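Novice: Residue numbers (UniProt numbering), protein chains in the order written: chain S, 1 to 342; chain G, 1 to 342; chain E, 1 to 342; chain C, 1 to 342.
Hints in this document: simulated from the structure, not taken from any laboratory.
Any given hint might turn out to be false.
Each pair may be met inside one copy or between any two copies, as identical chains are not told apart.
[What the hints assert, rightly or not] Calculated lysine to aspartate or glutamate pairs in the EDC-like style (CA-CA distance at most 20 angstroms, straight line): (1) K203 <-> D54; (2) K327 <-> E312; (3) K296 <-> E312; (4) K315 <-> D134; (5) K214 <-> D46; (6) K107 <-> D53; (7) K203 <-> E228; (8) K315 <-> E335; (9) K74 <-> E37; (10) K315 <-> E45; (11) K315 <-> D331; (12) K327 <-> E228.
Computed from a predicted model, the values in this text were never measured in an experiment.
Protein chains: 4
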Amino acid sequence: MRIATLTSGGDCPGLNAVIRGVVRTATGLGATVVGYEDGWTGLVEDRRVQLYDDEEIDRILLRGGTILGTGRLKTSDFEASIDRVKENLADAGIDALIAIGGEGTLKGARWLHDNGVPVVGVPKTIDNDVNATDYTFGFDSAVAVATDAIDRLHTTAESHNRVMIVQVMGRHVGWIALHAGMAGGAHDILIPEHPFDIEDVCKRMARRFQMGEKYGIIVVAEGAMPKEGTFVMPEREVDQFGHQKFDDIGAVIAHEIENRLDTDVRSTVLGHIQRGGTPTAFDRVLATRYAVHATKAALRGDFGRVVALRGETVKLVSFEEAVGQLKVVPDHRWESALSLLG
Amino acid sequence: MRIATLTSGGDCPGLNAVIRGVVRTATGLGATVVGYEDGWTGLVEDRRVQLYDDEEIDRILLRGGTILGTGRLKTSDFEASIDRVKENLADAGIDALIAIGGEGTLKGARWLHDNGVPVVGVPKTIDNDVNATDYTFGFDSAVAVATDAIDRLHTTAESHNRVMIVQVMGRHVGWIALHAGMAGGAHDILIPEHPFDIEDVCKRMARRFQMGEKYGIIVVAEGAMPKEGTFVMPEREVDQFGHQKFDDIGAVIAHEIENRLDTDVRSTVLGHIQRGGTPTAFDRVLATRYAVHATKAALRGDFGRVVALRGETVKLVSFEEAVGQLKVVPDHRWESALSLLG
Amino acid sequence: MRIATLTSGGDCPGLNAVIRGVVRTATGLGATVVGYEDGWTGLVEDRRVQLYDDEEIDRILLRGGTILGTGRLKTSDFEASIDRVKENLADAGIDALIAIGGEGTLKGARWLHDNGVPVVGVPKTIDNDVNATDYTFGFDSAVAVATDAIDRLHTTAESHNRVMIVQVMGRHVGWIALHAGMAGGAHDILIPEHPFDIEDVCKRMARRFQMGEKYGIIVVAEGAMPKEGTFVMPEREVDQFGHQKFDDIGAVIAHEIENRLDTDVRSTVLGHIQRGGTPTAFDRVLATRYAVHATKAALRGDFGRVVALRGETVKLVSFEEAVGQLKVVPDHRWESALSLLG
Amino acid sequence: MRIATLTSGGDCPGLNAVIRGVVRTATGLGATVVGYEDGWTGLVEDRRVQLYDDEEIDRILLRGGTILGTGRLKTSDFEASIDRVKENLADAGIDALIAIGGEGTLKGARWLHDNGVPVVGVPKTIDNDVNATDYTFGFDSAVAVATDAIDRLHTTAESHNRVMIVQVMGRHVGWIALHAGMAGGAHDILIPEHPFDIEDVCKRMARRFQMGEKYGIIVVAEGAMPKEGTFVMPEREVDQFGHQKFDDIGAVIAHEIENRLDTDVRSTVLGHIQRGGTPTAFDRVLATRYAVHATKAALRGDFGRVVALRGETVKLVSFEEAVGQLKVVPDHRWESALSLLG
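Could you put together the complete structure from these sequences and hints?
Specialist: Next up, the structure:
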């Protein structure tokens, strides 16, 4: 048998661990593997490389990003190319495609499958917002990087009696902010799921100072929003895909707090370092388990499904389940985090 | 209300995160917290400290070990002291006890509860072998330390064309070896659940060399055992508790491989570094969630239970469920790891 | 004897290691130690704490920042308080003051010494720009943080075929950019000592792409400046001390490159994480050696000098030597870095 | 011009950084580079690979070990092969050889040079014992690994009121023990340069306990020796090169302390993890600077010398200076460390 794989969407730690896992599992079971370059684009343009189970592949387990490259193809362009995609797969003798990616990629994979391509999906997102799975790989690594940064900010905030704001990834969901905030011992956490009242934020911080504490750490998801009617956000720029740019929320909040409290406030935007670098052991294990399960599913012809972690077990779920809706931070998680703030 | 807490058994990263979480949650809800020193011993001897929700407590989130100290009290000594324990708790005005520990500690906690002490348990083990919970805190940190060591050993093994054996914790279960081995890209993994045949180990390694690879990494749980009739283990020393000492399995295997293959083999025992140091973000989050749930259970009088992670949710389970039997590596996990070896 | 110490100026990893080293060395030699809070301000306002050689002090070796707090006092305010400072020191029975800080602090220390206060200086700067010493502590830690970030950016830049710009600390000198750039394998490095020509930067990057490379990493010191006549920098804001704010140079360069090359360019500002967190082993050793030498100098009455690393030896140099002029990146270092760019 | 390079002796972090630096510098200056495999052996057997300045070479900057492999050739075998070596170099058109290695390698390099081969040496040793240079690369990484381990052991020692012994590399010199001990806040440090009296070690530790401390950390270089007449070391095994094996000194000391003090003592041997893995930023910069200087020396025909760090400058020194004698820990360093023990 001959398996193809590709990585699409934003990169994250663990993509290479999946690629390695697919190659080793498939090779061990007598199949061969090719990789398409730069996501769906490479599939459409038929740019592919043979992947061998050698020391080179073995070593990518530790490497962030994806050796296959990634890309973002417009859905319409993609759908217009369905015939070419099928031709390319047929010409290359591909029996199964393992598509590794986030929400958008999995929707594309589902559409391909609905149009007759034998696909297995592997969910990937830094943001941990895929519905069907307890965790996506990349998330733990992003939280680890953000937590390490928060640990560092504690000591400098404390030395200077400052409030430090750290803006982490999460446009639509607050998972990274929640976990990094809990792990980093943040004194406030602001997430998209719960619009914040700047007056409340200031009150919590003021109470800390009244209790004799000298500094504070606030973790802000980039998609955090003020409650209606509290203060007016500066208008956000819109990027080429029509998404608002969220580069500024930390700085905006810093400004608002400085206006209200007599304290020095600094803001740090973590940015791209959250998605790069060697994956944590947790993410390497998860990515590898996904790879083994997806490959075995592909080899036995169990298509149209997505691997997912449920408790201690990796399962196969339907595309519907996986991409139906974003997994947001549930109320019970938010409430237990609130016990620790202030 | 007045809550007491203590940590018992071997230390592991995240104990302090639980203590901090208990103090912050309880204080925020109007309760006070005392800590007993050195595990059950401190409870028996009435050595306790008041724990305040200040910057000092806040900072222990990052610190390995336990600020309360830990200890191992013989069950018989413990049981003989039940009246004194009850008196001590009554004198100190304690309404609830949160006991943090492993198998042994939880059994003690259950016995206390059966004898009328209001207890909530928090499971703790490096080894991840508590039955009722998907993960115990400390495990992820131990795996991270072991994986980091394996990453380092790859480069030196490769430079010298050697086989490197790394012995990790796990006397009765192979969780650390399994996860660190998968995360570290080990070429063989030996765990207590599956006695190994030294000839098979050598065959797998020999095949690697035949394929042109130049080196190999083998991860061995300290409790790994050869299959009956394969080779004779040197007799193991027995410690004061009647446990066999497992200091040597890596070196024994190294010796056996050197006898069978014409290759340089070295063994490294990771030892205590696996249980020390700053917990990973994952463990800090898990320990903190346990703390919040255990404290809330204690405050509402929900005694006789143990917090446990099930999928994405922290639940309360019975002592029976938690301490009934060790959680071993299940077959489906072992089989998917096997796909990646060699 | 009775020694006082204080930390002043921006915080950096290793300050606590010096404080610990002073306390342990002095206590071991029979002296006592007090710490003034928040830099010169605490000295003027007579806010001090007794420092004991206990486990608490021992543990700060690992902690970033400074347990004494720091501050920035205006030189004029400071000089106006000389009588009060002398009174405070006399009242507290202080025989010697160990002042830990950067350029500004050491100038203050020198002025105090010239006015009759027995002072020993310990140089501290993230930026490594103190003239008399090969290295200042904090620098190695800052470079380590920046290098770790660059390592992460490589993998994401490579996956997306992007140019990544990372802005590091260094308003007046390029040491952090130079070392992190070399350690991180940057393809271009821009430092204040050598104004850059944006056309040259683009040419080097374009040549990379022509050679088949897919991405590039550029490390920019925050004080990097374009060559006169190349392009006009947006006007910089000026802070309360009359310093230009340098928040934007990475973004400005990203914009300029995107205008000139047909490529995706992203910019990341590392910010305060470079000055926080556990110091590297190198910085802990250096800070501790400084502490031992400064304390011994203070105890034998060798005042008016600054500890400095020269090759393998810690020496005492005059204040003049230490604060005369900034230590910039010398030409031979710059030239050898250039061999590696592109 | 055509440059050859090879790595010989024990591997250490930074070897690949030198190889990369040589390739990039030489290629940038119009030369080509070949690498001989497995140290001198590859030179004798004419096993060589062409090294290109591509992304693959660029990436090894982060990788521990050496992509060229290393080996240990007996001096007599090596010297017998001088004609073959010269022939091999002449046949391959090599104009200069950059030999990267420790004491033994540099002696070989010097002998080659004396016999007419154009050689430049690059010193390499984990142990930091090369006489002519302030630091060798690999040392900072080894110290970082050991310090990280000591940090972890503090928390577990403290939780269990134990003495923890950690045995680090250093058969003949105590540099790693000294630096890791200082950085890790060890309470005792034992190095080969100063034979220890076990009674003194116990007294220092006993005094700690009398002062109310609960635990202790002792760092032991593997070559540490008891003072004559204090206690008898178990006889050491001798390896194939006639070197004594030093696997046991930590365990021996643990046993002796347990015999004398009523306390729990555990010993950990760090082993090979000290020489593997990603080099620290410090080592990457140092290795890269060595590479640039050695390559430029080779290209301008400045043979028969070794690169060395002196203060802030990389210089060329004679082979005599570099290999004359081991650089031991000098007395002033030892004395300043003693101030911090106990």
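Novice: Hint by hint, note whether the structure agrees.
Specialist: Against the structure, the hints come out as follows:
no., hint, verdict
1, K203 <-> D54, "between (58 angstroms within a copy, 18 angstroms between copies)"
2, K327 <-> E312, "both (19 angstroms within a copy, 12 angstroms between copies)"
3, K296 <-> E312, "within (18 angstroms within a copy, 26 angstroms between copies)"
4, K315 <-> D134, "both (11 angstroms within a copy, 15 angstroms between copies)"
5, K214 <-> D46, "between (59 angstroms within a copy, 19 angstroms between copies)"
6, K107 <-> D53, "neither (30 angstroms within a copy, 40 angstroms between copies)"
7, K203 <-> E228, "within (18 angstroms within a copy, 48 angstroms between copies)"
8, K315 <-> E335, "between (29 angstroms within a copy, 15 angstroms between copies)"
9, K74 <-> E37, "within (16 angstroms within a copy, 48 angstroms between copies)"
10, K315 <-> E45, "neither (32 angstroms within a copy, 50 angstroms between copies)"
11, K315 <-> D331, "between (25 angstroms within a copy, 15 angstroms between copies)"
12, K327 <-> E228, "neither (23 angstroms within a copy, 49 angstroms between copies)"
Checked against the numbered hints above, the structure violates hints 6, 10 and 12; every other hint is satisfied.
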